[in-house]
Amino acid sequence: MDFAWSEEEERFRSELERFVVEHLPQEWDRPPGSLGSSVWSPATGAFAVALAQRGLLVPSWPKEYGGNAASSWQQQILAEVMWANGEPRGPQYMNVNWIGPALIGFGTEEQRDQFLPPMAAGSVVWCQGFSEPDAGSDLASIRTRAERDGASYIVNGRKIWTSYADTAQFCFLLVRTGTEAERHRGLTVLLVPMETPGIEVRKIPAIVGDHAFHELTFSDVVVPESARLGVENGGWAVVLRALANERVGLPRYIRGEQVLDLVADWAEKAGLLEQDRVLALLGEAFAACEAARLLVYRVVDERAKGRPPSGLANVARVAAVEAERMVADATVELMGEEGMVSGRLADVQHRNSLAVGLAGGTFEVQLNLVAQLVLDLPRSDSGRPPASRVDGGEVTA
Amino acid sequence: MNLELTDQQQMISEGVRTILERMAGPERCRFLLEESAYDTALEEVLREQGYLGMFSDPEVGPLEAVLMVEQVARALGTVATAALAVVAPALGISDMHGPVGLSLLPRSDDSPVRFATVSGTILVAEQDEAILYGVDAARSLPSSWGYPIAQVDISSRRPLGVGSADRMVAWWRVTIAAEIVGNASACLDVLLGHLKERQQFGRSLATFQALQHRLALLFVQIEGARWLAYRAAWSGAPSAEAALAAAQSVAAGRRTVRECHQICGALGLTTEFDLHMWTMRIRALCAEAGGLFGTQVDAGRLRWRPSGSLAAT
Chain R
1 MDFAWSEEEE RFRSELERFV VEHLPQEWDR PPGSLGSSVW SPATGAFAVA
51 LAQRGLLVPS WPKEYGGNAA SSWQQQILAE VMWANGEPRG PQYMNVNWIG
101 PALIGFGTEE QRDQFLPPMA AGSVVWCQGF SEPDAGSDLA SIRTRAERDG
151 ASYIVNGRKI WTSYADTAQF CFLLVRTGTE AERHRGLTVL LVPMETPGIE
201 VRKIPAIVGD HAFHELTFSD VVVPESARLG VENGGWAVVL RALANERVGL
251 PRYIRGEQVL DLVADWAEKA GLLEQDRVLA LLGEAFAACE AARLLVYRVV
301 DERAKGRPPS GLANVARVAA VEAERMVADA TVELMGEEGM VSGRLADVQH
351 RNSLAVGLAG GTFEVQLNLV AQLVLDLPRS DSGRPPASRV DGGEVTA
Chain S
1 MNLELTDQQQ MISEGVRTIL ERMAGPERCR FLLEESAYDT ALEEVLREQG
51 YLGMFSDPEV GPLEAVLMVE QVARALGTVA TAALAVVAPA LGISDMHGPV
101 GLSLLPRSDD SPVRFATVSG TILVAEQDEA ILYGVDAARS LPSSWGYPIA
151 QVDISSRRPL GVGSADRMVA WWRVTIAAEI VGNASACLDV LLGHLKERQQ
201 FGRSLATFQA LQHRLALLFV QIEGARWLAY RAAWSGAPSA EAALAAAQSV
251 AAGRRTVREC HQICGALGLT TEFDLHMWTM RIRALCAEAG GLFGTQVDAG
301 RLRWRPSGSL AAT
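Line by line, the protein sequences give chains R and S. Per the working numbering, the very first residue in the first sequence carries number 1; after that it's consecutive. Per the working numbering, the very first residue in the second sequence carries number 1; after that it's consecutive.
Check before you lean on any hint, since a few could be wrong.
Said to hold, decoys possible - Partial list, computed: chain R residues near chain S (C-beta under 10 Å):
id	residue
1	D265
2	A288
3	K305
Claimed, not checked - If you want the footprint, here are the derived chain R segments under chain S, 3+ residues with CB under 8 Å:
id	segment
4	1-7
5	53-66
6	75-81
7	328-340
Claimed, not checked - From the derived model, a few chain R residues whose C-beta atoms are all more than 10 Å from chain S:
id	residue
8	Q111
9	A206
10	N233
What the hints contain is simulated information worked out from the structure, not anything from laboratory work. Built from N, CA and C at the ideal position, the CB exists for glycine as well.
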């Protein structure tokens with residue numbers, strides 16, 4: 001057992017930190033508790049391009065696609081440094097973590113040539129069209145249909161909770177090509193330009209800060225067969241593979257600890273930091289964040305050793321959600337009325353914390369998977385087969 | 001980083017497990033409880049095989065000692081491994097024998113001390129220094145909390161140097177975390193066995209999602225405590241790391257006790273069922289070295305107010 005970073009890893013972290021200092025736009029002052037938002041797109045877009053130029057946007061990808069096969073620990077360090085700075089990559093995490101890898105795994109040569117270079121350059125935004133009004137955790141029940149029409153598909157249906165749909169150029173769209181009874185065996189992934197006629201984007205106002213959800217309506221949208229990723233009715237394998245790549249935990253603990261530092265600053269100025277009650281609330285949440293950190297590191301360690309993904313990722317996710325909620329609750333508790341003013345720390349942290357158990361697959365699904373994969377309990381009668389949503393979702397910071 | 005046991009750590013684990021399978025476990029614990037006795041025989045075997053001397057051994061180290069403490073707790077060993085193998089060596093005292101009690105101020109002359117029944121010594125974290133007290137007489141008190149417990153009359157007093165109190169509390173907290181994790185892991189095994197065996201409403205309790213989710217949450221909390229305890233031991237028990245490990249493990253321990261007894265139903269309240277031997281010990285451990293509030297205050301203080309004095313000392 002060894003909890004130390006290697007010298008090389010420390011160097012990598014310092015290099016990244018220097019890069020961030022040099023390239024973070026001056027106006028960048030996103031509160032650490034906030035979810036991603038396209039409000040920040042001009043800044044995140046420029047930052048992603050700069051990161052790409054330095055070879056740091058897709059370091060985990062194979063060299064032939066613009067990456068440099070970075071280690072799992074380097075990927076985690078990259079994520080930590082980005083999160084410590086408000087995640088200035090904006091929506092790029094989707095391309096980097098799983099849309100790109102899914103294309104590498106399932107794309108035709110033409111698809112890879114067309115889509116991967118702009119992703120590696122940080123110049124394109126994708127969104128994820130998975131959830132529907134009647135299909136959330138039970139992803140295999142989606143109804144958006146793609147009917148064959150010669151060499152094209154005609155897509156009709158609705159997708160919902162889609163982040164970044166207002167700025168995305170492409171949608172990674174999961175559609176039904178088989179019957180509903182076939183469930184996950186009747187699904188296909190299409191790579192759809194958002195400017196295709198028949199796609200309508202509606203913004204859904206929400207209470208989670210400047211993050212916006214969207215509903216997408218597809219009305220007779222024509223998509224060429226060449227935009228299909230993988231085989232027809234083989235979409236489930238693509239989804240599972242894509243989402244497996246997203247399973248290494250996001251460093252939410254970084255954000256949680258930053259918020260606690262800010263609350264402690266606030267408490268100090270308010271003359272409250274000497275109180276045991278205050279220190280205990282902060283200490284409890286800090287312990288939860290550090291526990292989540294180590295459980296995420298366990299997943300990275302597993303991945304670094306080339307082990308097949310296990311339920312450890314779900315364990316880490318559960319811990320991270322619990323920690324972030326605890327941070328929010330401590331913040332609200334300590335700041336009182338002061339935290340109710342719009343934009344104050346407690347306001348931002350509380351509202352965003354409402355989404356943490358939903359983002360990237362619900363908390364309940366994570367708990368199902370811990371029970372089944374780690375504790376070896378049988379599938380419960382009340383749930384669909386757990387493979388219906390290994391991970392993933394639309395709301396991600 | 002490497003977040004798995006090394007080959008050497010695995011070997012040590014297997015060695016300890018072999019001894020514990022033979023000499024510890026619920027039956028042995030039950031017998032000792034009835035007698036309010038300490039397991040001198042187990043202590044001697046652990047010592048002979050070198051498992052109590054790992055802390056200061058350059059070939060092994062504190063983390064290995066803490067892993068051993070966790071294992072002994074999991075197997076319901078009735079030996080003061082935390083004090084003998086970790087806390088005393090951390091204070092420069094090697095070669096202690098017999099049960100050693102650990103205690104904190106404020107205490108009065110008749111404050112009971114865990115593991116003080118036939119104790120020759122207790123270690124007390126006082127204002128600045130840890131003090132090693134010789135014990136003249138011990139009056140054993142009835143208790144069903146899983147450990148021999150007694151009031152003591154003190155004979156000698158040996159201060160262990162400025163700063164030793166903080167060091168004592170830090171390592172004590174690391175062992176508390178490890179012991180809670182060991183006990184709680186055993187509880188989870190009991191709980192899982194119960195869920196899989198028991199049928200209600202025509203199906204196994206293990207298939208109820210409401211119960212699965214509670215077990216999953218419990219498991220995650222215990223695992224968090226486990227890794228915080230390991231990291232604290234690995235890094236030499238800085239007070240901040242020790243407080244975090246203790247805060248998380250005490251929270252996990254308290255939840256473990258509640259959930260296990262709730263889910264195991266009335267069966268769990270009987271002495272025939274083994275569960276209580278672990279849960280009573282967990283609850284005892286959770287109340288020591290500052291308890292939940294004290295460890296949380298210190299976890300906060302050590303990050304944001306490091307100049308203040310610890311709640312525990």
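Hints versus structure:
1. For D265/R, the shortest C-beta to C-beta distance to chain S is roughly 9 Å, which falls under 10 Å, so the interface hint holds.
2. Using the Cβ-Cβ criterion of 10 Å, the hint placing A288/R at the interface with chain S is satisfied: the shortest such distance is roughly 7 Å.
3. The criterion of a C-beta within 10 Å of any C-beta in chain S is met by K305/R, whose closest approach is roughly 8 Å, and the hint holds.
4. For the segment 1-7 of chain R, the proposed coverage by chain S is satisfied: 5 residues have a C-beta within less than 8 Å of a C-beta in that chain, meeting the threshold of three.
5. Beta-carbon proximity to chain S at under 8 Å applies to 0 residues in the segment 53-66 of chain R; the threshold of 3 is not reached and the given coverage is violated.
6. Under the rule that three or more residues need a Cβ within less than 8 Å of chain S, the assignment of the segment 75-81 of chain R is violated, with 0 such residues.
7. Coverage of the segment 328-340 of chain R by chain S is violated [criterion: at least 3 residues with CB-CB distance below 8 Å; count 0].
8. Look at Q111/R: its CB is around 36 Å from the nearest CB on chain S, clear of 10 Å, so calling it non-interface holds up.
9. Listed as outside the interface, A206/R is consistent with that label: its C-beta sits roughly 26 Å from the nearest C-beta of chain S, beyond the 10 Å cut-off.
10. Distance check for N233/R against chain S: the nearest CB is about 30 Å away, which clears 10 Å, and the non-interface claim stands.
Taken one by one, the earlier hints fail for this structure at numbers 5, 6, 7, listed in ascending order.
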